[in-house]
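One line per chain: the protein sequences are W and V, in this order.
Anchor point for the first sequence: position 147 equals 146 in numbering that gives the first Met the number 0, and the numbering is continuous, going up by one each time.
Anchor point for the second sequence: position 92 equals 91 in numbering that gives the first Met the number 0, and the numbering is continuous, going up by one each time.
Please keep in mind that the hints were generated in silico from the structure rather than gathered at the bench.
Idealized CB from N, CA, C, for every residue including glycine.
Accuracy of the hints is not assured; some may be wrong.
[Unchecked claim] So, partial list: chain W residues that the calculated Cβ filter (under 10 Å) puts toward chain V:
hint, residue
1, Leu19
2, Asp22
3, Gly40
4, Ile79
5, Gly82
6, Pro83
7, Arg91
8, Leu93
9, His96
10, Thr100
11, Gly101
12, Asp170
[Unchecked claim] Looking from chain V toward chain W, a few residues come up when the C-beta cut is under 8 Å (computed):
hint, residue
13, Leu41
14, Ile79
15, Ala87
16, Leu97
17, Thr100
18, Gly101
19, Ser142
20, Arg145
21, Gln149
22, Asp200
In case you want the letters, here they are:
Number of protein chains: 2
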Amino acid sequence: MLTVLSGGVGAARLLRGLCLVDDPATITAVVNVGDDIVLHGLRISPDLDTVTYTLAGLDNDVTGWGLVDESWRVMEELGILGGPVWFALGDRDLATHLYRTGRLDEGGSLSDVALELRRARRIDVNILPVTDQRLSTILMTPSGERLGFQEYFVARRHAVEVASISFDGADACRPAPGVLDAIDTADRVVIAPSNPLVSIDPILAVPGVREHVVARRADVVAVSPIVGGVALKGPADRLLRETGHEVSALGVARHYKDLAATIVIDLADESLRDAIEEIGMRCIITDTVMRDAGRAAALATVVRNA
Amino acid sequence: MLTVLSGGVGAARLLRGLCLVDDPATITAVVNVGDDIVLHGLRISPDLDTVTYTLAGLDNDVTGWGLVDESWRVMEELGILGGPVWFALGDRDLATHLYRTGRLDEGGSLSDVALELRRARRIDVNILPVTDQRLSTILMTPSGERLGFQEYFVARRHAVEVASISFDGADACRPAPGVLDAIDTADRVVIAPSNPLVSIDPILAVPGVREHVVARRADVVAVSPIVGGVALKGPADRLLRETGHEVSALGVARHYKDLAATIVIDLADESLRDAIEEIGMRCIITDTVMRDAGRAAALATVVRNA
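With the hints as constraints, model all of the structure from the sequences given.
In structure tokens, the structure reads:
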């Protein structure tokens, strides 16, 4: 049994790799919801959807986001109407948001929807939102402007300085059904190579989650998303720097040292091994760049055996 | 200045005809919202959209509903997910609902949205929802089942007996800005050939509207939607019968006699002239079947000169 704390693309790729080397039905993904947004009245959960689409084999390899065989008729027409089109929602993708919003309106929970959607996509991995309540990752600029995650990430293309990050509503959240149990009973808890500050931290901000992960520290394995001092994808490097962290696998290790006994870092960062071991973490060095399914499976093998 | 109390398709065709014989900017449509529905979290206003699409020349002549050049990718995918697809929403059409829902979420009113959408479609006719509040047409079956309009009309294909009709929330509604003024100041108020019971009555159920129409009775012209004892479209004939009305242009005249001094009926119903005049209405007989734009324009000419 493996439980993976998951953001979007990086986590989804690792999960796909794990499915190649383990029975998918023994894997649980506990997924960030801090990036969730309401747009056009629709409830959008980007990380849950990225994980679901990727595990269904429907992810778009060319764009690196969204669905394969996607079309854009709704957005084209919305543009004609003068509506907001800064957050691109494909036609196939919209069906997910319509489904989710309708079910939430009926009184279903985000976990119910995640279960129904993964079953519709014939996915055996247990995909759980970390919480069924609303939690919003907020990025504060030095001038005091508060940006929602998608406003920061998509509308501003993360080209804005961030002074601090908070998780609105986290204190009032409860872990979704099955989340704490998945952490408590897994043979190994994996922190995916997702953005530590805006993908993993919001998961840990849900009351109880951090404590339960800490209690499993000996069996927790983190995978560094920073390779050779840069983020493979997204603004993790910039955010780490702006919020006072060292932008390296060592910086990531320091961020996770109370949570994980082991960190997996890239071959490019071999020189950081001693420094990481000095802060009390076991350090495993391997190729962490999941260029293709084969390399994702190889990394997954290292992680599951760590 | 003309003000037209409007349901969906029949009203839209008459409005299109009126635009051919009058300056569109002098025409106001006061549109039914009792058919409105929330689906997938989206706010859908079928009559407002039918009027808007038709006046924009985007209506689908083949299906008789929806948009031209429509596609169904979102619905196809929603079907794969096991979501509700009984109410078909095309991809282009969905853009309207996303736009509306987003603007209402931001605090815009239904009238604001109607104005923005008709401007985006370059329509000069003033399209007003009768109210900015929620009003729901409910059909009660003899066994006491309460059906929303779309549930009755689309899901059950109006193949269910109706004992009575009510307009939930009507008492708490206020006429939308401009509605009463459009009725008060028009040279002529037209009751479109829409379903009297489920398209026109909900308009009249908004407090104040019926009284203002009654006050203009001398200048009100109704067009009968019943021709030769049957409805040209939809369940108007069946509903009239089930709720105790005579299913004929005379039955329609009786329904409107306190509101309209004049009724326009079809050539097929010439024999009803005396009976209609006996109840105190002026009766104009012409071809009311708007098979094409030319005939719609001819009917419009009769109506505007009535």
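Among all the numbered hints in the text so far, which are the ones the structure does not match? 1, 2, 12, 15, 19, 20, 21 and 22
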